[in-house]
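Peer 1: Note that the protein sequences, when read in sequence, are chains A and B. The numbering used here applies: residue 1 is where the first sequence begins, and numbers increase by one. The numbering used here applies: residue 1 is where the second sequence begins, and numbers increase by one.
Possibly wrong hints are sitting among the right ones.
To be verified - With a straight-line cut-off of 25 Å between C-alpha atoms, the simulated DSS-like cross-links for lysine-lysine are:
no.	chain 1	residue 1	chain 2	residue 2
1	A	202	B	131
2	B	105	B	154
3	B	131	A	176
4	B	350	B	369
5	B	269	A	195
6	A	176	B	28
7	A	110	B	10
8	B	28	B	8
9	A	195	B	105
No lab work stands behind these hints, which were simulated from the structure alone.
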Amino acid sequence: MNETLEKRSMGLRASRTISNTLIYIVLVIMSVVWLIPFICIVLQSFRVESTWQVGYVIPQQWGWDNYIALWNSDFKRWYLNTFIIALAVAVLQTVIVLCMSYTLSRFRFKLRDGLMRFMLILGMFPGMLTMIILYRVLKDLGLTQANAVPGLILVYVASSGMGYYVSKGFFDTIPKSLDEAARVDGATRAQVLTKIILPLAKPIVIYTILTAFMAPWGDFVFARYVSFGTSAGMNVAVGMYGWLQLDQIGQKYTMFCAGGVVVAIPVTILFMCLQKYYVEGVTGGAVKG
Amino acid sequence: MASVKLTKVKKVYDNKVVAVHDFDLDIKDKEFVVFVGPSGCGKSTTLRMIAGLEDISDGTVEIDGEVVNDLQPKDRGIAMVFQNYALYPHMTVYDNIAFSLRLQKMPEDEIYERVTKAAEILGITDYLLRKPRALSGGQRQRVAIGRAMVRNSKVFLMDEPLSNLDAKLRNQMRAEIILLRQRLDTTFIYVTHDQTEAMTLADRIVIMKDGYIMQVGTPEECFDMPKNLFVAEFIGAPKMNVMETELIKEGGKYFVKPFGAKIEVDGAKGELLHEFNAQPGQIILGVRPEHIVLSKDGEHAIPCTLEVNEMMGSELHLHVFTEDGTRLIVRVPTIDLTAEERSGLVRGKKLFLSFEGKVMHFFDKESKKNLLIREE
Chain A
1 MNETLEKRSM GLRASRTISN TLIYIVLVIM SVVWLIPFIC IVLQSFRVES TWQVGYVIPQ
61 QWGWDNYIAL WNSDFKRWYL NTFIIALAVA VLQTVIVLCM SYTLSRFRFK LRDGLMRFML
121 ILGMFPGMLT MIILYRVLKD LGLTQANAVP GLILVYVASS GMGYYVSKGF FDTIPKSLDE
181 AARVDGATRA QVLTKIILPL AKPIVIYTIL TAFMAPWGDF VFARYVSFGT SAGMNVAVGM
241 YGWLQLDQIG QKYTMFCAGG VVVAIPVTIL FMCLQKYYVE GVTGGAVKG
Chain B
1 MASVKLTKVK KVYDNKVVAV HDFDLDIKDK EFVVFVGPSG CGKSTTLRMI AGLEDISDGT
61 VEIDGEVVND LQPKDRGIAM VFQNYALYPH MTVYDNIAFS LRLQKMPEDE IYERVTKAAE
121 ILGITDYLLR KPRALSGGQR QRVAIGRAMV RNSKVFLMDE PLSNLDAKLR NQMRAEIILL
181 RQRLDTTFIY VTHDQTEAMT LADRIVIMKD GYIMQVGTPE ECFDMPKNLF VAEFIGAPKM
241 NVMETELIKE GGKYFVKPFG AKIEVDGAKG ELLHEFNAQP GQIILGVRPE HIVLSKDGEH
301 AIPCTLEVNE MMGSELHLHV FTEDGTRLIV RVPTIDLTAE ERSGLVRGKK LFLSFEGKVM
361 HFFDKESKKN LLIREE
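Next up, chain A with everything else stripped away, as it sits in the complex (with noise of 0.2 Å):
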């Protein structure tokens, strides 16, 4: 009896050490697969006996120059650019996203089942619509080519509030009588928000400023068209693939990589310091919903 209890538990663990290792080795395939055009793109980088595209990986001669190069042309204004972009956008509609989801989570009032709506509806036209209309509406006030950072700040934040969906989610998770609590205890409805819902919020915080953040960093349609070919209006990705032209790609394919590295850098150290959050600001409200 007790020889085939222990003849089955050790089939039972033998038939789940072979479906493990099974699942680690397709992991394993998927992971390499997945990351070997950065390996490669980091490995170009770093060659310097070449600038063109050569049929092998792995550089015959090392060094810094695509990088030095980076620093004497355009790519420091761009990557500025593309730096204030983000970072007011991520501030801006970070702030007015969780003022909106704040809002339409606490309050009632007339027409809000309405507003929610329409801006569900809105949201599912495409942007691309809005496009001709933005671009001569900017190039009215004087927004677009050299101007085209504040005039791509202005349209990526202008349409932030319809972004309200996960952290109003979030927010209906938190039990309403502790804002109540709060409010008794003597505190505005705006401390509620900063000293109550925000630290309770905080993977839906994160997770809106990091989305606020990687959308405008990593643009290239709506940017291309607003700097419209003047270089000291383009971001990043814009002026970058210029560099990718038959004209230019003999010189600059080594250089457009080492741009790509360093365009990766910040987003990656945040996706590595905020990803614990981040993962929970994405399931959380849907769990606790």
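Starting from the known structure of chain A, arrange chain B on it as the hints suggest.
Peer 2: This is chain B only, laid out in the frame that chain A set:
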């Protein structure tokens, strides 16, 4: 310390549902008033209107002579304890209690003094650096009370503060609230659905139903002289037995005839019936379970059959059915029974019940009002 006055207070929700109708109440300084009633009777809504957490649709709320209808909760001089404690989960116990004082920009050393004093009174000094999630239900409730205590408010509001605790802890905390009340010596308004809490804590009870006040009175008044059948059944556990019966007058004496028995209404209740010149006819008779006794067969006894015998320790709760199928409950102290009598109380046993005139309550069959209380 302050008085609270509610005049014609009304609450109508957006969907036109009226939660509270013309609520009039004068709460004296340092009085302990309990709002009690079943779910949905408007007791919490009324409390929340006093606190400023709910808009007042009509009428006025005055605290210490000042109309507070349009004041923010923080400006009303109230402190409140919530049913689910509403402790701030990201703060330690100390920070939770100190929160309101910090908002007042009180110096830290004074905050420290007040918080530690409150913690000492409530026996939570050892937990001051813990987060609420590391506390038991009873400890959390103490923190919630501590948070309200340190504010030195004029009025102390409590919204079902014990309903999340288990029965044993509830009894203990009830006793502690009585002590706290003596120590704070301020005006208390307490909401509960538990009539035992209301009876034990209150100076005056406000019994509510469907947004209306059914009776305002001391626990004794509500128990001994319920204004209507609702109050009679709500106050007291197990609830009062009610039976439709006939009130007759023979030879200058009143009698009731429940389930074939004929019982004279003697004593004070008989005199009151005379005083009110009660008209014979069909009425609703109420008798509390503890006022019914087991007796022998006779003209004054109600024959019935035992259905369930609940052993409660010091007493038995006997659920019996009369011959016409009416269910009655009788409380019998176990000390009054011999072992033999007790073992004989099994399902199907024929019993005879009787009660005296002085324990009877008489209600109008239509209006359900007490026949022995004059309309105001």
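Peer 1: If you draw a straight line from the CA of residue 131 (chain B) to the CA of residue 176 (chain A), is it 25 Å or shorter?
Peer 2: Distance of about 19 Å is within 25 Å: holds.
Peer 1: For the pair supplied as a hint, residue 350 (chain B) and residue 369 (chain B), is the alpha-carbon distance within the 25 Å limit?
Peer 2: 33 Å, violated
Peer 1: Would you check the hint for residue 176 (chain A) and residue 28 (chain B), treating anything up to 25 Å between C-alpha atoms as holding?
Peer 2: Violated: residue 176 (chain A) and residue 28 (chain B) sit about 31 Å apart, past 25 Å.
Peer 1: Holds or violated: are the alpha carbons of residue 28 (chain B) and residue 8 (chain B) at most 25 Å from each other?
Peer 2: Roughly 17 Å separates the two Cα atoms, so the pair holds.
Peer 1: When you check the alpha-carbon spacing of residue 110 (chain A) and residue 10 (chain B), does it fall within 25 Å?
Peer 2: 22 Å, holds
Peer 1: Measure nothing beyond the straight line between the CA atoms of residue 202 (chain A) and residue 131 (chain B); if it is 25 Å or shorter, mark the hint as holding.
Peer 2: 17 Å, holds
Peer 1: Is the Cα-Cα distance between residue 195 (chain A) and residue 105 (chain B) 25 Å or less?
Peer 2: 15 Å, holds
Peer 1: With the threshold set at 25 Å, check whether the alpha-carbon distance from residue 269 (chain B) to residue 195 (chain A) stays at or below it.
Peer 2: 61 Å, violated
Peer 1: Tell me if the straight-line CA distance from residue 105 (chain B) to residue 154 (chain B) falls inside 25 Å.
Peer 2: 20 Å, holds
In summary, the structure is inconsistent with hints 4, 5 and 6 from the numbered list given earlier, while agreeing with the others.
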